[in-house]
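Peer 1: Sequence:
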Amino acid sequence: MIRGLVIAAAGGAVLSIGCFSVMHALGPVSVTSHFDFSDADDRRDRSPRVTRDLPWNGGSRIEISLPAEVIYTQGPAARITAEGPQDRISTITLSNNIISDDKHPWRWRSRHHNGIVLHITAPALSDLTISSAASAQLNNIALPELKLSVSGAASIDGSGHADKVTLSSAGASSMNLSAMAIKDADISIAGAGSVKAGPTDRASISISGVGSVTLTRTPHTLEKHITGLGSVSVSPERSDETSKDTDDDGVSF
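For the sequence shown, the positions run 1 to 253 when the UniProt record's numbering is used.
Bear in mind the hints are in silico, worked out from the structure with no lab data behind them. Bear in mind that the values here come from a model prediction, so they are computed numbers and not experimental data. Each hint should be verified, as a subset may be incorrect.
Said to hold, decoys possible - Pairs of lysine to any residue residues, derived as SDA-like cross-links and limited to a Cα-Cα distance of at most 20 Å, are as follows:
{"id": "1", "residue 1": "147", "residue 2": "184"}
{"id": "2", "residue 1": "147", "residue 2": "168"}
{"id": "3", "residue 1": "196", "residue 2": "220"}
{"id": "4", "residue 1": "103", "residue 2": "115"}
{"id": "5", "residue 1": "183", "residue 2": "208"}
{"id": "6", "residue 1": "103", "residue 2": "91"}
{"id": "7", "residue 1": "164", "residue 2": "129"}
{"id": "8", "residue 1": "164", "residue 2": "194"}
{"id": "9", "residue 1": "183", "residue 2": "223"}
{"id": "10", "residue 1": "103", "residue 2": "83"}
{"id": "11", "residue 1": "183", "residue 2": "168"}
{"id": "12", "residue 1": "103", "residue 2": "58"}
{"id": "13", "residue 1": "147", "residue 2": "212"}
{"id": "14", "residue 1": "103", "residue 2": "147"}
{"id": "15", "residue 1": "164", "residue 2": "217"}
{"id": "16", "residue 1": "164", "residue 2": "218"}
{"id": "17", "residue 1": "103", "residue 2": "140"}
{"id": "18", "residue 1": "147", "residue 2": "58"}
{"id": "19", "residue 1": "103", "residue 2": "131"}
{"id": "20", "residue 1": "147", "residue 2": "159"}
{"id": "21", "residue 1": "147", "residue 2": "61"}
{"id": "22", "residue 1": "147", "residue 2": "71"}
{"id": "23", "residue 1": "103", "residue 2": "47"}
{"id": "24", "residue 1": "103", "residue 2": "74"}
{"id": "25", "residue 1": "183", "residue 2": "124"}
{"id": "26", "residue 1": "147", "residue 2": "49"}
{"id": "27", "residue 1": "196", "residue 2": "234"}
{"id": "28", "residue 1": "103", "residue 2": "48"}
{"id": "29", "residue 1": "183", "residue 2": "149"}
{"id": "30", "residue 1": "164", "residue 2": "73"}
{"id": "31", "residue 1": "164", "residue 2": "115"}
{"id": "32", "residue 1": "103", "residue 2": "124"}
{"id": "33", "residue 1": "147", "residue 2": "206"}
{"id": "34", "residue 1": "147", "residue 2": "97"}
{"id": "35", "residue 1": "147", "residue 2": "188"}
{"id": "36", "residue 1": "183", "residue 2": "196"}
Stated by the list, open to error - The following label-pair restraints were derived from C-beta to C-beta distances:
{"id": "37", "residue 1": "52", "residue 2": "137", "range": "16 to 26 Å"}
{"id": "38", "residue 1": "96", "residue 2": "119", "range": "14 to 24 Å"}
{"id": "39", "residue 1": "220", "residue 2": "47", "range": "51 to 61 Å"}
{"id": "40", "residue 1": "97", "residue 2": "142", "range": "18 to 28 Å"}
Heads up, the beta-carbon is just placed ideally off N, CA and C, and yes, glycines get one too.
All chains should be modelled from the sequences, with the hints used to inform the complete structure.
Peer 2: Now the structure itself:
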């Protein structure tokens with residue numbers, strides 16, 4: 001009985017750490033700035049939808065620091081177009097490769113994306129960071145290396161192929177790259193995030209908290225380190241080849 005109580009207490013402590021990690025990623029909550037009991041959402045519905053190009057010279061890195069739906073498509077010409085309610089689009093800025101809107105902080109009552117859609121076209125955008133409640137769709141990309149970092153309540157879905165991916169998740173974010181062909185993957189989760197990917201050659205996984213990783217393919221080499229109640233699961237073997245599993249924490253999958 002005592003052993004059961006100890007296990008339950010330890011599990012509760014880890015869950016508490018995961019919750020605090022989520023709140024830390026989301027940042028401090030101010031009653032006056034984040035809770036909105038007005039009819040602001042209705043006013044935004046009446047604001048005309050417009051499209052606006054954000055001046056951008058291109059590059060390999062972009063950070064999304066506002067709630068939005070993000071659609072990235074590879075193309076020869078670099079371009080970022082913002083679409084949505086006029087009163088929102090007019091205040092969006094792009095500086096030092098960071099897209100933000102300081103005049104309209106995210107509110108708990110507001111709709112998830114406030115109707116904002118960011119269309120990003122670039123030949124080789126290989127480093128994407130989301131530090132807001134945004135969601136991103138990567139459409140059929142082809143890159144030698146891809147780095148994705150998400151925090152808070154962000155999410156990323158992607159298709160295409162990349163030789164090596166580096167995935168970093170904090171808070172309650174999620175990444176689904178099961179539709180992407182990947183050779184090597186380095187995956188790091190802090191908090192309650194989730195990652196789904198299918199590297200074929202190597203997977204190195206680190207989880208702190210209650211995060212989860214689902215491998216949709218069985219890699220030749222799997223290294224994992226788990227602190228807390230995190231989990232790693234691997235889909236049934238798709239070939240006759242076996243995976244070499246290196247587990248330094250005794251956690252089975």
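Peer 1: Hints broken by the structure, by number, lowest first?
Peer 2: Checked against the structure, the hints that fail are numbers 5, 12, 14, 17, 24, 26, 31 and 32, while the rest are satisfied.
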